[in-house]
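**Q** These protein sequence lines map, in sequence, to chains A and B.
Just so you know, the first sequence maps onto residues 1 to 369 in my numbering.
Just so you know, the second sequence maps onto residues 1 to 369 in my numbering.
Think of the hints as simulated: they come from the structure by calculation, not from any bench.
Any given hint could turn out to be false.
Remember, identical chains collapse to one label, so a pair may be satisfied in a single copy or spanning two.
[As the list claims (entries may be wrong)] The calculated DSSO-like cross-link candidates involving lysine-lysine, where the alpha carbons are at most 27 Å apart (straight line), are:
#1 K261 to K72
#2 K212 to K197
#3 K191 to K355
#4 K24 to K123
#5 K162 to K294
#6 K260 to K110
#7 K72 to K110
#8 K255 to K102
#9 K58 to K335
#10 K294 to K7
#11 K24 to K355
#12 K24 to K255
The chain contents come next:
2 protein chains.
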Amino acid sequence: MEFYCSKSDLVNAVSIVSKAVPSKTTMTILECILITVSNGKILLTSNDTEMGIETVLKGDIKDNGIIAIDAKLFSDVVRKLPDSIVHISSNQDYLLNISCDKAKFSIAGKNGNEFPYLEDVEKNDFITISQFTLKEIIRQTIFSIAQNENNKIMTGELFDIKGNKLRVISLDGHRISIRNIELRQEYPSLKVIIPGKTLIELSKILSGEIEKVVNIYFTDSNALFEFDNTIVITRLIEGEYFDVDKMISNEYSTKILIEKKELINCIDRATLLVRENDRKPVIISIGNDDLELKINSPIGAMDETINIEKEGADLMIGFNPRFLLDALRVIDDEKITIYFMNSKAPCYIKDEAHKYNYMVLPINFNTVN
Amino acid sequence: MEFYCSKSDLVNAVSIVSKAVPSKTTMTILECILITVSNGKILLTSNDTEMGIETVLKGDIKDNGIIAIDAKLFSDVVRKLPDSIVHISSNQDYLLNISCDKAKFSIAGKNGNEFPYLEDVEKNDFITISQFTLKEIIRQTIFSIAQNENNKIMTGELFDIKGNKLRVISLDGHRISIRNIELRQEYPSLKVIIPGKTLIELSKILSGEIEKVVNIYFTDSNALFEFDNTIVITRLIEGEYFDVDKMISNEYSTKILIEKKELINCIDRATLLVRENDRKPVIISIGNDDLELKINSPIGAMDETINIEKEGADLMIGFNPRFLLDALRVIDDEKITIYFMNSKAPCYIKDEAHKYNYMVLPINFNTVN
């Protein structure tokens with residue numbers, strides 16, 4: 001194997017595939033990046049058995065070949081090379097030679113043929129979406145997937161396609177995040193659960209440009225994201241997702257309009273008095289023209305009032321401050337509307353245009369205090 | 001106690017005194033910041049028994065008083081306050097009330113009279129130095145103090161004043177760092193050993209402006225740094241510092257002139273092949289017009305050549321790459337001169353003007369390899 005490429009292209013390609021290199025694995029070959037030169041292409045591949053990434057590296061090919069090389073070391077080395085043309089070659093002993101200007105490295109690699117192939121995904125059903133939109137929608141929902149694996153389905157996000165609508169949902173038992181976007185055209189109906197981990201890594205690779213698009217192909221068990229020179233393949237989570245429409249309600253007895261930033265800053269201050277893992281709620285009292293937020297903890301006490309516009313009944317209700325903050329921070333609107341039923345029912349932060357709906361369950365502050 | 005101050009002044013003052021709040025202590029009162037309002041001044045004080053900081057907070061005093069308040073919590077709270085005027089008051093139960101716009105906090109404090117006083121330092125002998133110079137000289141020497149306390153003297157830096165010269169020295173048994181600066185006037189001769197930890201925290205507080213000065217007062221057992229609205233008091237390390245002049249030599253058999261940046265980048269690349277805690281040296285071979293740097297480790301091999309100007313004999317010598325990097329990174333000159341005697345004697349990186357002299361001991365690469 002032998003080829004030339006620019007240092008910056010190489011750094012970029014290695015950084016992309018590194019996202020699917022597992023940090024812990026019993027299969028040491030997976031700690032490698034696979035370099036394959038064949039059919040006039042230089043391909044870099046990584047695979048953590050749930051997700052795989054393949055990217056095409058621009059370069060000048062001299063000789064075909066295949067080698068697997070430790071991802072961490074290779075990534076460190078290429079990043080520290082001079083900004084110049086890199087010459088990469090390997091021999092039959094799996095020794096990888098990297099030279100750039102006057103610097104020459106030789107690193108022991110592994111037999112590339114031992115590297116597990118990525119799943120072959122048929123490119124039939126697919127949707128097209130802008131990189132910007134996909135990256136945004138992940139950011140706006142990913143925080144409410146479940147962290148532990150007890151319920152596998154909760155560790156993923158539902159991508160629900162109907163006509164020209166895409167609805168993305170995540171939930172963790174305490175809250176539900178829903179984002180709706182309009183696609184550029186109509187597609188056949190489809191529901192898939194994509195692992196949260198894949199979405200997190202994917203959103204790191206997406207450039208997020210509005211003009212650039214991602215094609216997402218689906219099969220029964222896999223999804224393939226195709227963009228720029230890269231494909232990301234992921235297993236889908238099996239099973240039926242929760243019927244979220246039965247879990248949310250549009251009824252309310254109190255509706256408030258409030259400055260998002262004021263509410264964020266106020267809750268943020270209140271959390272200073274909550275030690276981590278302490279289920280201490282913030283208590284919100286809704287009056288006619290203002291919302292009073294109170295917290296009382298062994299560390300100290302805080303209270304603060306914020307002006308609001310209100311419809312309906314007065315209310316006192318307690319929340320885990322982090323759950324409110326997570327949702328508020330991914331909403332772009334400056335003024336937001338929150339709907340309440342009573343102190344034991346969830347609240348909904350949602351907009352008139354149905355772009356988003358964040359449900360948060362309250363905490364019973366009488367028993368907790 | 002009652003006063004008003006601006007949020008930004010308060011954040012700044014709390015951030016300054018926080019530098020001397022111990023992270024681990026058996027005296028819980030030391031985890032606090034002491035707020036003292038008396039004699040028309042608002043003073044914030046911290047004390048970790050080796051170092052103490054006192055800063056004056058600008059404000060509008062309503063009532064005198066004294067209280068100690070948990071430093072971490074107080075710092076978190078004041079940083080998250082709205083950008084406005086802060087009203088602080090305390091009552092006889094040591095409850096501290098902080099209010100700012102519509103936000104109101106109450107936090108339990110402690111009896112301020114239990115807080116240990118800072119050492120009283122007589123302001124007789126002192127030198128004046130610009131904040132910029134002091135901050136720079138600390139940065140340029142602090143990396144070679146010893147990390148462990150086996151030899152207490154090595155954990156500090158020697159400040160050696162003679163006439164209008166200040167010489168600052170640190171050493172850790174493998175290397176010596178020396179920086180010389182000219183003071184603006186003559187002072188009586190003085191040698192003190194200042195704890196490295198104090199210098200590290202001090203340099204974080206110094207604004208580093210050239211026009212601003214620091215007065216440093218000395219007694220037998222303490223030093224006091226006075227600048228802006230702040231004083232930092234530190235114990236001195238007792239004992240006689242090493243006679244460094246006897247440890248360094250001006251003789252050499254090989255002298256090279258080299259581009260500093262090229263050498264740094266080259267060593268930096270070589271260290272990729274060294275696992276931490278591995279004493280693997282980089283091997284430097286000095287020829288007529290170039291220096292070849294080589295490393296061979298279980299991970300891989302690297303070699304690279306750099307153009308140099310040389311006087312004297314060819315030489316092959318091994319070094320701990322980190323020790324070279326630490327010194328090279330704090331030198332401002334673009335071209336540097338390195339002096340060697342033989343493969344078992346230290347090298348000296350020093351300038352003609354005697355502003356700096358960095359000695360690094362070699363590693364015997366024959367026995368290590």
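**Q** Run every hint past the structure and note whether it holds.
**A** Here is how each hint holds up against the structure:
In the homo-oligomer, the alpha carbons of K261 and K72 lie at most 27 Å apart only across protomers (25 Å), although the nearest pairing inside one protomer, at 41 Å, exceeds that limit. For a Cα distance limit of 27 Å, the shortest separation of K212 from K197 inside one copy, 23 Å, qualifies, whereas the shortest one across copies, 51 Å, does not. For the homomeric pair K191 and K355, the shortest alpha-carbon distance inside one copy (19 Å) is at most 27 Å, but the shortest distance between copies (70 Å) is not. With identical chains, the CA atoms of K24 and K123 are never at most 27 Å apart, being 31 Å at best within one copy and 59 Å at best between copies.
For a Cα distance limit of 27 Å, the shortest separation of K162 from K294 qualifies neither inside one copy, at 43 Å, nor across copies, at 62 Å. Taking identical chains as interchangeable, the C-alpha atoms of K260 and K110 are never at most 27 Å apart, the minima being 54 Å within one chain and 36 Å between chains. Within a single copy, K72 and K110 get their C-alpha atoms as close as 14 Å, which meets the 27 Å cut-off; across copies the closest is 50 Å, which misses it. Only between protomers do K255 and K102 lie at most 27 Å apart by alpha-carbon distance; the minimum there is 22 Å, versus 69 Å within a single protomer.
When the C-alpha separation of K58 and K335 is checked against a cutoff of 27 Å, the pair qualifies neither within a copy, at 47 Å, nor between copies, at 36 Å. In this assembly of identical chains, K294 and K7 lie within 27 Å of each other by CA distance solely across copies; the values are 22 Å between and 55 Å within a copy. For the identical chains of this complex, K24 and K355 are neighbours neither inside a copy (38 Å) nor across copies (49 Å), given an alpha-carbon limit of 27 Å. For the identical chains of this complex, K24 and K255 are neighbours neither inside a copy (48 Å) nor across copies (48 Å), given an alpha-carbon limit of 27 Å.
Violated hints, listed in ascending order, are 4, 5, 6, 9, 11 and 12; each of the other numbered hints is respected by the structure.
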